Structure formats: C-alpha cells, structure tokens
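**Q** Chains as they are written, first to last, in full-length UniProt numbering: chain A, 1 to 452; chain B, 1 to 266; chain C, 1 to 491.
Capping the alpha-carbon separation at 25 Å, the derived lysine-lysine pairs in DSS-like fashion look like this:
#, chain 1, residue 1, chain 2, residue 2
1, C, Lys384, B, Lys107
2, C, Lys384, A, Lys37
3, C, Lys427, A, Lys413
4, A, Lys84, A, Lys111
5, C, Lys184, A, Lys342
6, B, Lys90, A, Lys37
7, C, Lys290, A, Lys34
8, B, Lys132, A, Lys27
9, C, Lys384, B, Lys113
10, B, Lys22, B, Lys44
Listing some non-contacts, in silico: residues in chain A with all C-beta distances to chain B over 10 Å:
#, residue
11, Phe56
12, Arg88
13, Phe99
FYI, nobody ran anything at the bench for these hints, they're computed from the structure.
Here the structure is a predicted model, which means the values were calculated and not measured.
All C-beta atoms, glycine included, are put in the ideal place defined by N, C-alpha and C.
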Amino acid sequence: MTDISSNTPGQGARVASSLLTEDKRTKKRNAAEKRFKAYGIAAIAVGLFFLAALLFAIISNGTRAFTQTFVTLDIELLEEKLDKNGNRDIEEIKKVSTFGYSPLLDAAVTKMVTDSGVETPITKAKDLKQLLSSGAAGDLRAFVVANPDRIGDTVEFRIAASSRVDGYLKGRVTRESLARDKNLSPEHLDIVDALKEQGVVKKSFNWDFILGADASDSRPEQAGMGVAMLGSFFMMLVVLALSLPIGVATSIYLEEFAPQNWFTDLIEVNISNLAAVPSIVFGILGLAVFIQFAHLPQSAPLVGGLVLTLMTLPTIIISTRASLKSVPPSIRDAALGVGASKMQAVFHHVLPLAMPGILTGTIIGLAQALGETAPLLLIGMVGFIASNYPEGVMDGFVSPNSAMPAQIYEWAKRADPAFYERAWGGIIILLVFLITMNIIAIFLRRRFERRW
Amino acid sequence: MDDLRSVERIVSDDEKTKISAKNVQVYYGDTHAIRDVDVEIADKTVTAFIGPSGCGKSTFLRCLNRMNDTIDICRVEGDIRIDGEDIYDKRVDPVQLRAKVGMVFQKPNPFPKSIYDNVAYGPRIHGLAHSKAELDEIVEKSLRRGAIWNEVKDRLDAPGTGLSGGQQQRLCIARAVATEPEVLLMDEPCSALDPIATAQVEELIDELRQSYSVVIVTHSMQQAARVSQRTAFFHLGNLVEFGETGQIFTNPTDERTESYISGRIG
Amino acid sequence: MPVFWIVCAVLAIGVIGYGLCRSKAMKSAGGNARNLHSLPSYYGANAFLFSVVAPLALLFAWLIFVPILIDRSIGATIPEDRIAEGSSLGLMMADVSRVSNGLNLAVSEGAMTEEESRSIRTEFTDVRERLASVGVALGSNVDATILQAAQKHRAASDRSRLFMSIAVIALSLAGLALAMSRTKADFRARNTVEAAVKVMLIAAASVAILTTLGIVLSLLFNTIEFFRIWPATDFFFNTTWSPSFGDTGSELGLAPLLWGTFYISIVALAVAVPVGLFAAIYLAEYASPKVRAFAKPLLEILAGIPTIVYGLFALLTVGPLLVSFFGDGGTFGVEWMRGGTAVMTAGLVMGVMLIPFVSSLSDDIINAVPQAMRDGSLGIGATKSETIRQVVLPAALPGIVGAILLAASRAIGETMIVVMGAGAAAKLSLNPFEAMTTVTAKIVSQLTGDSDFASPQALVAFALGMSLFVITLALNVLALYIVRRYREQYD
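Kindly generate the complete structure, drawing on both the sequences and the hints.
**A** What follows is the structure in structure tokens.
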C-alpha cells in the first residue's frame, strides 16, 4: 500500500486552473449538455404537437356533424293519395308505401321553388327533389302513420336537406366539385342560395345525429349514433356486471388467500399475458367460442360484452390488486385480533377500504372497453345494423346492434365524404363519454384516496 | 469561537488553507438545516466531521462540491471558497468544481460497468487521457492509489458490482482519485463495510492524506480519532467545536462535545 | 319452462331455504344466538348456497352441452345420400336449426298451432312462406328431409327442456333438504360458507386460465382444420397473398402479411422509441415537478385515445397530408405515394399511439435506477447528460429493451390503425409509401363478410391469428422476463 508515495496530485494531465473560468473542454461539454436537454424538450414538444394535431383534426372536422341543414316545407297531405276510402283506418294508411308519398313531396318542392321566385333551368320535380334527403318520404310516412288525423291538412315540415346541400352550406361541397356529380348540379345551388336568403333553408343543431339510428349509404344526412350508443350501453352493462365481480374475486383470491404454488403462478402468468394479447385475438376467441361453439346470437351486444369482459379483466385485476395491496397489514391483524375469520377480515375491512381504488380501476377498464373496436368487427357488430332501436331490455342484449366505435368505423368505410363528417362527429361523442368516465375516476381517486 | 481559532492556528502553521467556509446557511424548503457554519479546512490533512445523525454534517459536506444543487428544494447561503475562489459564484461550473473536489459516498456505488470502465469514466469525461496507453496508466495508478490494484489487476474486465463491499468502496475511491482531484470528500465511507474492510479503507485514507485534502464524515468517534488530524463536531445544524482531533477528544471546550464524546447524547 | 323462470324458481327456493335454516338454527339454539357455532345468517347462507349453486351450474352446463348432443343425434339420422350436392352436413344442420327455430317462433306468435307445427309436410304446405310470415327468412325452399329433421329436433329439444327443468329444480330441493338436515347448533356453518366462497374465488381466478385455454383451443382447432385442407408449406412459404372466393386460384401465403406487419411496426417504433425515450429522460431527469405534472398526463392522454380515433386520423388526415407532400404533384415533387393508405401513414400514426407507452414504461424504469448511481457520477464531475448517457441508460438498458419489446408487441397486434391506414394490398415491397397490409388487417377482412366458415379463405384467418398470437406471446414473455430480472436487480 505504498504505491502512492511518489505521486503528487496535479502532476500529469490536469493543469491547475481557476474555477471562475470555463475551460474549453467544459464549454464543449456544457454545449453537449444543452443539446441533450433540448432533445428531451423537443421529444415532449413532438408528443404534445401530435396530441394537439389530433384534437384539432377531431374538433375541426367533427363539430360540423352536429349541425344539419333543414328545409322548411309546406306539404299538403292529400286525402285521395293517403287514405282513399277516407275512413282513417290505420291499417289501410300503413299500406301506402313511401312511393305513395312522393307525389306530395314533388308538389311541395315545386311550389317551394316557384314561391321563392328563383329562375332555374331545372323544371322536373324529380330533379328538384334532389335538394331533399332521400329519406324525406319515409319521414313523411312516419308522421302520417303517427298522426292520421292530420290527413287533408297542409302541414309545415322541417325536412333534412340532402347531404350535398348540407355539404354546400358547410363548405365541403363546391360548385366545382359538383361538376361531375350526378345527383346535384350547380343550378341546384342557385336555388339553395336563394332559399337560404329567404330562410327556408337553414342550418340548425342536429339532435338526430346524437339520438338517431344509422341510415343506409344513400342517406348520410339521416345517420345518427343513438342506436349504436345503446349497443355500447348494453355491452358496458354486461362488462360491468361480469368483470367487476370476477375481477374483484380473482384479486382477493390472489392477494389474500392464494398459497405459493404452481396453480397460483399459472394464474399470475396467464393474467399478465392476457393483458398483452392483441385485442383482435379476443375477437377470434369470441367468434369461435361464443358464436360457433355456444351458438349465441351474432352481432349481439351480449356477445360483445362477454368478449370485452375477458379483455378488461386483466386491467381490473391489476388495479384491484394494487389497491388491496395498499391496505396496510395492520388492518387485517386488527380484525383477526378480535377473532374475525380471514374471510371476515377481508370482506368487512380490507375490501371496503380498497373500494375507491377498485372503482377507479373498473371505470378506467370500462373506458378502455368502450373504445375497443377490433374484436367487435369479428363478432359481426359492424355494417348497416344499428338501424333499429331495440324493443326492450332483453332485446337490447340479444338483437343485432353495433357499438359506437364500430359505427364510426362503418361510416369511415363508406364512400360518401358526408359520412366522414359523421365519423368525426361520432368520435367527439365517444370522447365525451371517455372523458366523463376518466373525470369520474380521477374524482374518485382524489376524493377517497387514502395515504397510509 | 475565537479561542478555537487560536488553537487551530497553532497546529496549522505549516499548512495552507484549502477550503474556507464562512457563515454558511443551508435550507431544505422551510427547514433551516445548517446554521452559521465557519470552517477552514487545511490542505493535506484529514478533517473529520462528527456528530449525531441528522446534525447536518453530510449536508455541509455536500455543499463543498455543490452536490446539493441536484436537490431541487435545497438552498445554500454564505461563502465557501476553495483556494480563495467562491464556489457558489455564478461563473463557476459545478462540473468543473466536482472534478476538483471528488466525492466518495456512504454506500459503495460502482457503475454497472467493468472495473476498468469504472475508473476510466472520470478521466474520459474530463478528457484527461489522450491515448489508450495514457488511460491505462491512469487507471492503474488510480487503482494502486485506491489500494485495490493487486486484487483486481487480473480481472479489469469483470463488472465492478461483482466485488465485495470493501473492494467496491476502494474501487469508488480509486474512481474518485482518477480525475486528479485536489480535495476528496468522503460521506461515511465505512458505514456499509465490515470491520476488516473498514480497516483497509481507513489505512487508505491515511495514505491519501499525503496527496489530498481529505474531508470525512463519520458517526464513529473512534474512526475520527484514528484517521483525522482535525475534527469538527456538529450538533443540530450548528458547528459546535472545531479543532485538533486530539484536543477535541481529550479536552473539549464545549459541554455538548463532551456529552457526545462520553456517550450522553447521540 | 323458460330458462328465466327456472332461474327464478331456483333463487326462490334458495331464499326460502335461507329463511328456513336460519330460523331452524335459532330454534335449535333455544333462541339464543350465542349458543350457535356461527351467526344465524351463516346457516341461512349455507342453505342458499346448497340450493342454488349446483342447480345453476347444472342448468348452465345443460344449456351448453345438450343442444350439441341433440344436433349430433339428429345429424346422425340424416342419410348420407340426402345431403345435396355441394352442401355438407354442417350446412344442412344450420338449416335444420333455422327451421326449427322458425317453427318455435311461428307457434309462439300464434301463426301456427302446436299440432300443426308437428304435422305439417312439405308436400302440402309451403313452409318457407309460412315461416316468412312470422319474419323468419329462409334462403331456399325447405325440403322434406330438413323439415322432418327439424321437427325431430324440436321434439328432442322440448323433451330436453322438460327434463332440464325437472332435474334442476329437483337438485335445488335436494340441496335445500340436505342443508336443512345439517342445520344444528353445533354445525360449523361459517366454515362451510367460507369454504364455498373460497371455491368461488378460485373459480373466478380460473377465468384467466380458461380464457387463455379458450384462445389457444379455438386457434388451434381451426388452424388444424385449415392445414387439413391447405398445405402448411404453402401457407408458410408462398410469397403471394391473393384470396379469391372461388374454389380455385386462391394463394394464401403468410410472407407478405408478415412483412407488412413488421415494416409498419418498424416505422412505428422508429417514431415512438426516440420520442418516447427522450421524453421519458426529460421527464425523469430534468423536468421540474411543475412541468412533469403538466406534461406527463398530457402525453398519457395519447394512450387513452381509442385506436379507432387513430385509425380515422390516419385515414382522413395523415394519409391525405402525406400524399400532398410525397404524392403526384405534391410539395416535394416526388411521386412516391399513390394513395393515402401506406406503410408510412399507418406507421406514423401507430408511432404516435405508442409514444406514451414507451415513455411511461421508460420513465418508471429510469426512476428505478438508484440515486446513488447518479451521485457517484455527478460526484466526480460528470454533467447530467454524461451521467444519463453513460451511467443511467446503461443501467436501465435491460428494462428499456423490455419496454421496447412490449411496444413492438403492441404494434404487431394493433388492428384498427392498419385496417384503416395501411391499405388492403399484400405486397413484398421496400417502398414505405406503398400500401401494404398486415396479419391483423387480413384477419378482419377474412372473417367479416359472408364467407363460409369451413372454407380455406375463412379458416386461414385462424392460422393468421395463431401466428400473431405466437409472435406476440413470445415477445411479451421475453419482455416480461427481462423487465422482471431488471426490477429484481434494484430491489
């Protein structure tokens, strides 16, 4: 241990220098330091930029879906067309198909255009009717069937304009873009301009988009999220009813009772792996097991809920275990100390204390499930199926329906850009739900979180 | 305090002052952790800081190479000079300072790299070697100074984390020495070691004194008595007494020092 | 008796049992609960469990397995030679159950009497039309064999229903009787109930195992089925993917799909890893608590956004934007992109999705590196960035590698973004601006639509699913192993 005796410090490379001046090397190193830090800031900026871009795209494209152009029309509900016998028999009125209502619409549209005083080369009522949604006759029929006593009157209707007219008012459709369009011509737009001046054509808030059913390819202006929303709702009921009890029971077993053995290890390994299995694989599972094997109805929210339950379980189990773990052992000891059984200690003391954490985890799991799309596609919850409201609670679980994200996907697949607007709008609705759920979760955490 | 200084002057006639701290205050958030500390640390001596846990001795040590800068809520006031230069001056780069004032920590903390890379780390970042041969030389010299060369010379590529606790601590000392510091700060360097390893490190500290100014924090009075020439006793954030080690242990002037040394507080 | 009412009946028996046993226990203790071994409610709960659990399990099992047995036995009665050309027993049985359900519906709607439903013959009645009147649409006219089989099917199902009702309710009553007979003051009701609850907990915990089992079995059986009608070598080594829904001309090679999957994942990781890692480093090492509290949750919002949103973003925003840069007549004057859907589009958007995934995992891992390590480096005069690059990151490397592997597994399994952003054409190309497709996208396209589940074009989706499952599972297991080893190192 005498190696150092001959050495003196400072001898060699280092030249003693003042601390008050930065040497060259230090300057260089500090510059590298600044650069490195800048990379970090840039990375965060990139992340936040993408977030902003995403939100901007959603809001700028989606808000338009919440307004819709309507045309106010006076329609004469001619008795000779709708109720030839004049006896107001509802069965007979129902027999008149939507085709039977076309002449009424034709007349009303022609009158509207004539009244507005616009000079237009378009004369045929059939062409003029292109201004209106092709679902107009259907709406008319629904009104008459619901109010047969109004037959014979002239009733003022607010009818959705066709998606092209709507697009024109929203700036999506221009005269140039209509040059190749076979449904609407620039001349139509002249009429629209005039009618807009007169207040006959007006944009207003579109409740039908939020509450209504999906509509077929040719009627984007009538498509709504309402039915898909119900589909999601019924699915979430299934997920909540199954994943919360199963998830909590699993967590209690693993945290409080499970012995250290191969079976416990097997469960643990399975849970951690299931958490990372791609969602589409759960879709395959649902298709093969629930539909092919167990013959549950295809496209049913019940099946969707089952699949999403299996997908959500790992999330709920992981967060529930964390909150059970955070309850200090002294609580269990205290309960056991006064003679409670292990089961009583867990159910009477540990579980209530862990409940806020469990609920938070469950809500976050549900939010995840609500936004999941891929597995739903495989069990058939896509396509033009969210077109009718379920006829009751049981029907809500088993009759074919879509879900919000699947409906958005369905709209994004369709050719008409008017559906894209709906898809963005649908995302706003979906995100409103997700944000609400997350806020509730954060509130629960803030309000009830206990630090030991 | 005045008479303390006079004692100090007698023993430090032939030694120049390396670090001088005046009126140092340290705050952690709202807590006033160190109050009015004045210390002069001489070159080429071992100075020990002793005191009960939480008395501020480690905090003060960390002020000497501005390690406290890495703690957000920590604030240092007062005047600390090394060779007459204020280390808390705005122009001072803590990086340059720490190259000059090396530090060894309580728990051995070798990097998860080879023994060679552990020692070569400092010289590399400070650019002390211009060639591989020069770097090899620095590493060997540092490991010899760390009194661990003979134990590791055959396995320089083995990971530093694989050594025993005492060896790891000597490796950390070698690592600190490799950057050619002028002052070596040691924060309870033996508290995580067994008695044999402690003896080895203490022996090493005594040898390092010939080249460096060594400041060691310890809560073992025996250790302070064994290795140091000067001793400072801290209590509740105050520097109670500072003087020649022999004098502090045999004839303390402050009754708190006496209480501590005789085991009544601490 | 409908299932709903059976369940109600069983529950009712359970509730009655609860009351009976509770009062019996109290009586046997002379009205003083202190003389009982357990609280009175435990005796009641014991009876409830005895009379509810086993019967409901039986009901459930019956509902799942007996219909399969009935199908089997009915199927066995259909003579081989009655199976139409180009059809199969499976298709016939699907018709049989449809007709049988149709008859049920017709009876319940009153369009047909019970008697009629048993006796109608195709020779005399247009069954298709009759069923259509109650809203059951059949693809073709019902032939005699099917109608007879359907009628047999109905009869067997009815019989099975009846037996099931009797068996379940009898079992429930037996359970109640057993519980009653055991209810005495010294009966350890709490222990029994707790043992039962524990069994239920174990059963719940087994759901995870059953799920995995379900996934593996459903993939395995269908994959085997696929390889029975399609050569495995062709699936693995053919470099063309072009399914056609005719009988001939399909080429089902895995290679182009795997290539598309990996290419898109690589682009995604090339975006997510540097951005996520640097963001994590900044958040863990540099950011003040205020910046951290602000930036970390904002970044994590990206992880909470559903993939459908990213898919739409890719399809409608990023794709057209990239075309306006790299497409025909675009800003850069290069004609690399022909359409909005491309590897680049999907990869970029997927990368954005993975940023928070990489950053929060890496953040945890960097924070797990002990402070002593940083002190050691800073204490000898290293700058912060030198400390991070040369000490913290090497120490955290295994953990970060694990995080990246997990991210890669995410990228490979991601579906909606590639379905909407990557395109549909399977190609082995190096051009990242070209449309390609992935394993997940093809699983979706092969299994949605009206193809017959027995055709190779549909079954191939299961083989694809199997490949996907094996790859992601391997990545996950490896990643979890690495991360766990890393955690142990610093615990």
